[in-house]
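Chains as they are written, first to last, in the numbering used here: chain A, 1 to 377; chain B, 1 to 259.
Don't read these hints as lab results, they were simulated from the structure. Any given hint could be a false lead.
[To be verified] Label-pair distances were calculated between CB atoms; the ranges are:
#1 Val351/A with Glu28/B: 38 to 46 Å
#2 Lys113/B with Leu145/A: 14 to 22 Å
#3 Ser137/B with Thr126/A: 40 to 48 Å
#4 Ser134/B with Leu145/A: 41 to 49 Å
#5 Met99/B with Ile109/A: 28 to 36 Å
#6 Ile138/A with Ile223/B: 55 to 63 Å
#7 Leu145/A with Glu28/B: 37 to 45 Å
#8 Thr175/B with Gly143/A: 46 to 54 Å
Yeah, the Cβ is synthetic: ideal placement off N, Cα and C, and Gly gets one too.
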Amino acid sequence: MANPGKLIYSGFTLSVHGVLEDNEIDSIREFIDEHKRSIYDAGKLVLDFSDSPGIESVAAAVLYGSCKRFICAGVKVRRNGASAVIEKLFETLAKFDSMPDPQKKRLSIRDYFENIGENVYELGKTLYALGHFFGETIYAFTGMLLHPLKVRWAMVFYYMEESGYKAIPIIAVLTWLLGVVLGYQAGFQMREFGAETFMPAMIGYMVTWEIGPMLTAVLVAGRSGSAYAAEIGTMQVREEVDALRVMGFDVFSYLVTPKMIALLCVMPFLVLLANFAGVFGGLLAGSLFLNLPASTFISQLGKALIPLDVLWGMLKSLIYAVIIANTGSFMGMRVRGGASAVGKATTAAVVLSIFMVIIADALLSLVFVHIRPGLSM
Amino acid sequence: MFSEVKKDDMTALKVINLSKTYRESTGEVHALGPVSFEMETGEFLCFLGPTGCGKTTLLRTIAGLEKPDTGKVIIPSRSGGEEPVIGYVFQQGALFPWMSIFANLEFPLKAKKIVKDSRREKVESMLEMMGLSSFASSYPHQLSGGMQQRAALARSLVMEPDLLLMDEPFSSLDTRTSQKLQENLRDLLKKASTTVLFVTHNIEEAVYLAGEIIVLGHRPGRIVRRETIDLSDPRSRVSESFTEYLVSLRKTFESLVSD
């Protein structure tokens, strides 16, 4: 301790002797640090200024700050024998302390609403820009349908391999596992009522209507939507997108539509694969855990499903393909700044793609209820 | 934005009252202008200004990559096409990493729908002129920074642009390489008589390269000084007149920074 004798701590009293000066703040802090454990344990602290004629302002502020921390931790702090000057100084400090900090002012209700409004406005602007982007891509796409030779087929095949062929293992394994789990859990519940023979129908509907298309879309959004955003985002950062524009290329035809065409080609088949894997998982669960022979499973499934069930999932996947390719590319195109912006764009691309896929799925379900025989109430 | 000007007119670029404000969620940034100037065919104009004064915004707006808030840009097409051909050399080169140097140079010619034989001929002669013939099959990452910028310049020149825009193309290179490329650029442009709008914050680079220098003030970028550089070729960096220009422009520049 730098100033022996000026501060003495005994019992729960901290006695101050003589004038505490501003240049002693380090030793004051050190002293308090040394005794803080005992002060916390005692639960109370008396600052005794009987032997102190005064205290300089910065030293007072340091002492006041320490006392405040003790008070926050539940220690009762009081002053004893302080002269009028010291008392006034501490009162002034307390007065300033209680004044609101303009930087950290509490948000009023008005501010909350303003923030909400601003966020909604920003979201609206993003969705508007995304809608515009969709329009541009569809325009470029229809132009390409009229001139198929203009399509960069090499890139389409590359993306078909990256987003389709390479996604086969993960989609097959995950939907198969989900089929097993759902088949077992649903069958187990149904067996309570002797209704396990309805499990194949249930798995069939669940997988072909929802799980197959949805899980495929989520996985493709995670694998490829993020990759598209990262690829275009990096090109944007390296000014390659601008270079393309200056050379007179239409960036939508060049960068976005090949990705969309590739996804449109592969998604329905990925969904078909997911359906097979999911149903096979259910079949396995039935024969392994529920004594439901494969032949019964297949015949029950055949009675329940109609071709439209499978076809509908495949058709839905075309819409998901447009959403994923466009959202990924859109987020990539919006990248401004450096590498960190690319990371944010990939995350945003996945989140927004999945969000939009689920919204689209909900809307399509409403349509499906009306077109599938036996579903409308 | 672009419109036709009579073919016998020597005007290569006309910028009238151009201004640009970026609207971000954090607020508005008035980046440029209003700025007006003209360039004649074959002229080398250099925009000199401190970092963040709107030089890049000016180039991007002229290239059509940004929409201006006010004003317009007129670039007459001399090649006979509807749209003028603009070359743009970016700060980082922006070569396509998945293409060889040859393919990079050939790429813009494909956009102009030039037939294959003619394309190859143009690219080969450009590679030879730039001393890049032995790197034709290399990929950009296999080249040094200086070589990459040289290839980027070649890619812009092979299009035979009506206007070549260069955005601090040598700023990321070491001094020696940068000076070497500046010398190459002067030699090359003497032969090609291309109209060049060059942007830099390096006073020496500007004095060495330009026929005319426009100094842009702090954001929002506005023209504060226009200076014709009357130096004979070959330009020497140690000549008295070169140093006089350098000192005079440095004074203008320093007054901008201290403002």
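Status of each hint after checking the structure:
1. Val351/A with Glu28/B: 38 to 46 Å: violated (28 Å)
2. Lys113/B with Leu145/A: 14 to 22 Å: holds (21 Å)
3. Ser137/B with Thr126/A: 40 to 48 Å: holds (43 Å)
4. Ser134/B with Leu145/A: 41 to 49 Å: holds (43 Å)
5. Met99/B with Ile109/A: 28 to 36 Å: violated (57 Å)
6. Ile138/A with Ile223/B: 55 to 63 Å: Violated - the Cβ-Cβ distance for Ile138/A and Ile223/B, about 43 Å, lies outside 55 to 63 Å.
7. Leu145/A with Glu28/B: 37 to 45 Å: Given a distance of about 41 Å, which is inside 37 to 45 Å, the answer is holds.
8. Thr175/B with Gly143/A: 46 to 54 Å: holds (48 Å)
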